[in-house]
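Take a look at the letters that make up each chain.
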Amino acid sequence: MAYTANGKTIEADEEGYLVNINEWNEELAGEIAKAEQINMSPEHWEVVNFLREYYNEYQIAPAIRVLTKAITKRLGAEKGSNKYLYELFPYGPAKQACKIAGLPKPTGCV
Amino acid sequence: MALKPVAPALDDLPTVPSLNPGVMGGLKSYVAVKAHQEPLGFPGELVENWEQAAVAKMGELLGKYKSLRVYLDICVKCGACTDKCHYFLGTGDPKNMPVARQDLMRDIYRYYFTPAGKALGGLVGAKPWTRERLDDWYNYFHQCSQCRRCSLFCPYGIDTAEISMAAREIMDSIGLGQKYCNEIIGKVHKIGNNLGLPEPALIDTLEGLEEDVKEDTGHDIKFPLNVVGADVLLVTPSADFFAEPHVDGLIGYAKVFHQMGLSWTMSSYASEAGNFGMFIGNYEQMKKISMRIRQAALDLKVKRIVFGECGHAWRVAYAFLNTLAGPFDFLDPKYPVPQHILELTRGAILSGALKLDPSANADKIVTVHDSCNIARATRMGPEPGSQFFYPRDVLKAACPKFVDMHPDTTHARTFCCGGGGGLLTDELIDLRIKGAKPRVEALKQAVDQHGVTHMAAMCAICKSQFTKVLPYYGYDMGMVQSVHQLVSNAILLGGNS
Numbered sequence: 001m002a003y004t005a006n007g008k009t010i011e012a013d014e015e016g017y018l019v020n021i022n023e024w025n026e027e028l029a030g031e032i033a034k035a036e037q038i039n040m041s042p043e044h045w046e047v048v049n050f051l052r053e054y055y056n057e058y059q060i061a062p063a064i065r066v067l068t069k070a071i072t073k074r075l076g077a078e079k080g081s082n083k084y085l086y087e088l089f090p091y092g093p094a095k096q097a098c099k100i101a102g103l104p105k106p107t108g109c110v
Numbered sequence: 001m002a003l004k005p006v007a008p009a010l011d012d013l014p015t016v017p018s019l020n021p022g023v024m025g026g027l028k029s030y031v032a033v034k035a036h037q038e039p040l041g042f043p044g045e046l047v048e049n050w051e052q053a054a055v056a057k058m059g060e061l062l063g064k065y066k067s068l069r070v071y072l073d074i075c076v077k078c079g080a081c082t083d084k085c086h087y088f089l090g091t092g093d094p095k096n097m098p099v100a101r102q103d104l105m106r107d108i109y110r111y112y113f114t115p116a117g118k119a120l121g122g123l124v125g126a127k128p129w130t131r132e133r134l135d136d137w138y139n140y141f142h143q144c145s146q147c148r149r150c151s152l153f154c155p156y157g158i159d160t161a162e163i164s165m166a167a168r169e170i171m172d173s174i175g176l177g178q179k180y181c182n183e184i185i186g187k188v189h190k191i192g193n194n195l196g197l198p199e200p201a202l203i204d205t206l207e208g209l210e211e212d213v214k215e216d217t218g219h220d221i222k223f224p225l226n227v228v229g230a231d232v233l234l235v236t237p238s239a240d241f242f243a244e245p246h247v248d249g250l251i252g253y254a255k256v257f258h259q260m261g262l263s264w265t266m267s268s269y270a271s272e273a274g275n276f277g278m279f280i281g282n283y284e285q286m287k288k289i290s291m292r293i294r295q296a297a298l299d300l301k302v303k304r305i306v307f308g309e310c311g312h313a314w315r316v317a318y319a320f321l322n323t324l325a326g327p328f329d330f331l332d333p334k335y336p337v338p339q340h341i342l343e344l345t346r347g348a349i350l351s352g353a354l355k356l357d358p359s360a361n362a363d364k365i366v367t368v369h370d371s372c373n374i375a376r377a378t379r380m381g382p383e384p385g386s387q388f389f390y391p392r393d394v395l396k397a398a399c400p401k402f403v404d405m406h407p408d409t410t411h412a413r414t415f416c417c418g419g420g421g422g423l424l425t426d427e428l429i430d431l432r433i434k435g436a437k438p439r440v441e442a443l444k445q446a447v448d449q450h451g452v453t454h455m456a457a458m459c460a461i462c463k464s465q466f467t468k469v470l471p472y473y474g475y476d477m478g479m480v481q482s483v484h485q486l487v488s489n490a491i492l493l494g495g496n497s
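Protein chains in written order, with the working numbering: chain H, 1 to 110; chain Y, 1 to 497.
So that you can see chain H by itself, here it is in the shape it has in the complex (with noise of 0.2 Å):
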């Protein structure tokens, strides 16, 4: 599948995570929140970015405790559980924010 954004069609794989992840920019992340049925709000923005410090660190999207403790940080104690992020992306945070923040899907038994 693909994304169009600011005119430029952006490939994705099959699930639509980008292929190649040098091309996001904040516009593509609105549009595939649009494919995934999600507004994006300043608190989905916040984890979008702090997944995309953390990938650039890292190399691997963050594991769930040191997202909520960063969102903890972020936006206050009540909004950093899973249980928050799981209202943000019901899709689960991992996957769905990934998708949105244009990182590859994590994989394995999660």
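Hints should not be assumed to be uniformly reliable.
[Stated by the list, open to error] Straight-line C-alpha distance at most 25 Å; calculated SDA-like pairs for lysine to any residue:
hint: 1; chain 1: Y; residue 1: K401; chain 2: Y; residue 2: Y475
hint: 2; chain 1: Y; residue 1: K28; chain 2: H; residue 2: M1
hint: 3; chain 1: Y; residue 1: K4; chain 2: H; residue 2: E36
hint: 4; chain 1: Y; residue 1: K190; chain 2: H; residue 2: K83
hint: 5; chain 1: H; residue 1: K73; chain 2: Y; residue 2: Y472
hint: 6; chain 1: H; residue 1: K79; chain 2: Y; residue 2: M477
hint: 7; chain 1: H; residue 1: K105; chain 2: Y; residue 2: P198
hint: 8; chain 1: Y; residue 1: K34; chain 2: H; residue 2: E14
hint: 9; chain 1: H; residue 1: K83; chain 2: Y; residue 2: T217
hint: 10; chain 1: H; residue 1: K69; chain 2: Y; residue 2: I429
hint: 11; chain 1: Y; residue 1: K396; chain 2: Y; residue 2: I365
hint: 12; chain 1: H; residue 1: K105; chain 2: Y; residue 2: G26
hint: 13; chain 1: H; residue 1: K105; chain 2: Y; residue 2: T217
hint: 14; chain 1: H; residue 1: K69; chain 2: Y; residue 2: D204
hint: 15; chain 1: Y; residue 1: K4; chain 2: H; residue 2: N56
hint: 16; chain 1: H; residue 1: K95; chain 2: Y; residue 2: G478
hint: 17; chain 1: H; residue 1: K69; chain 2: Y; residue 2: S268
hint: 18; chain 1: Y; residue 1: K4; chain 2: H; residue 2: D13
hint: 19; chain 1: H; residue 1: K73; chain 2: Y; residue 2: E211
hint: 20; chain 1: H; residue 1: K69; chain 2: Y; residue 2: L206
hint: 21; chain 1: H; residue 1: K83; chain 2: Y; residue 2: Y472
hint: 22; chain 1: H; residue 1: K83; chain 2: Y; residue 2: K34
[Stated by the list, open to error] From chain H, some residues computed to sit far from chain Y (all C-beta separations above 12 Å):
hint: 23; residue: Y3
hint: 24; residue: T9
hint: 25; residue: E14
hint: 26; residue: N22
hint: 27; residue: E26
hint: 28; residue: L28
hint: 29; residue: E31
hint: 30; residue: S41
hint: 31; residue: E46
hint: 32; residue: R52
hint: 33; residue: E57
hint: 34; residue: G76
hint: 35; residue: S81
hint: 36; residue: L85
hint: 37; residue: A94
Treat the hints as calculated values from the structure; they're not laboratory data.
No residue lacks a Cβ here, since even glycine has one placed at the ideal position from N, Cα and C.
Once you have looked at the hints, place chain Y on chain H.
Below, chain Y without anything else, positioned relative to chain H:
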């Protein structure tokens, strides 16, 4: 995710569905591309002469695995298996009856490998390769979680899992692999675990856990990595580092080791217990993945190997590790090689080395899901049935209220979670939801009759599968607990000399 999958209405146990021919025929797991196939030594795409190549590979397997030929020869079509598969029960697709799944291979086998089939063809159910049959193979051999519940009820003990593994091995050899499994195996070879979690991220994650647990308990519980000279090497599924409720189980193991005063370590090189080589029926891949554990044990100079909560990993470890990666004569012979974490924890509870306060779980009524590979292929200790009573002993020590689900769905008769055998992938979510139906029916009965609030699981696949599919049936994902998560809640720390 445009199409919202819907869970079927639950029935009372056990119900045989009316037939719904072909309803799952279009469900196709994503096919592996070159980048997933070639690092494993498989052709990048379907080879031109795939019919001959598949027959040749089948011949090789028939020569190598006598059991495969026996299974293909001895079925008498008695029908005992038909209503034992969770995927048939959940979908009603007759091709998900175990005998029909076996017949996909049996038809081809008869045509190319039996005199009657060669001479009489369709009259004796022998069928030559066609592209349509290959597609059926691909789709329906990826709708088998290799859980072996059907073989338990087969009067001849025909093992559909072994047939499904052989089918996948044949398909891989002609360039028709499954993306989910093969991509993951590639990551293990390259990075050391199914997730693709590199060492720096693992270090960061474990340091974070040490901080969290210190904050929660006030105790300095360590999560050691790559410690040369430690006594115990813990090998656990990488999901334990990553997801809920898995990580709560990892915290439980760490507390157990801490409280027992054991010197232990994990390894970044062997940071995966799982072995997807089994799912694709490939001996070389299974061996290569297992050798990482041997290498880590040698490099870290450990005396014991302990496995964390993972179903198929325990089958490979318990049944095949010594053959694949042995001999383990460098380990301390006083301990089983390898040992299950539940044997260790249970032993420590019985000896008094671990003290649990079940009131910590007083808010829960707990049941347990037996994992298929643990239940039907292994033990956890020397005693027959230890794979059943060890986890229950531990759960009863950790929780004031424990209830078992319907006996047709527990112990050796347990149902697969619906996501095992390499099917825990998003594009199969419809199958996974439907395949969980028999388990959820039993769970619902336990909830309705006994007020069960939580279901403990001892396998990373089961945990991920249930947290994903239970909400489709109206249950909260938080119902799913790691066995060692409940231990972690109840364990009394400190005060142990």
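request  = Enumerate the violated hints, using their earlier numbering and listing them in ascending order.
outcome  = 4, 5, 10, 13, 15, 22, 25, 33, 35, 36 and 37
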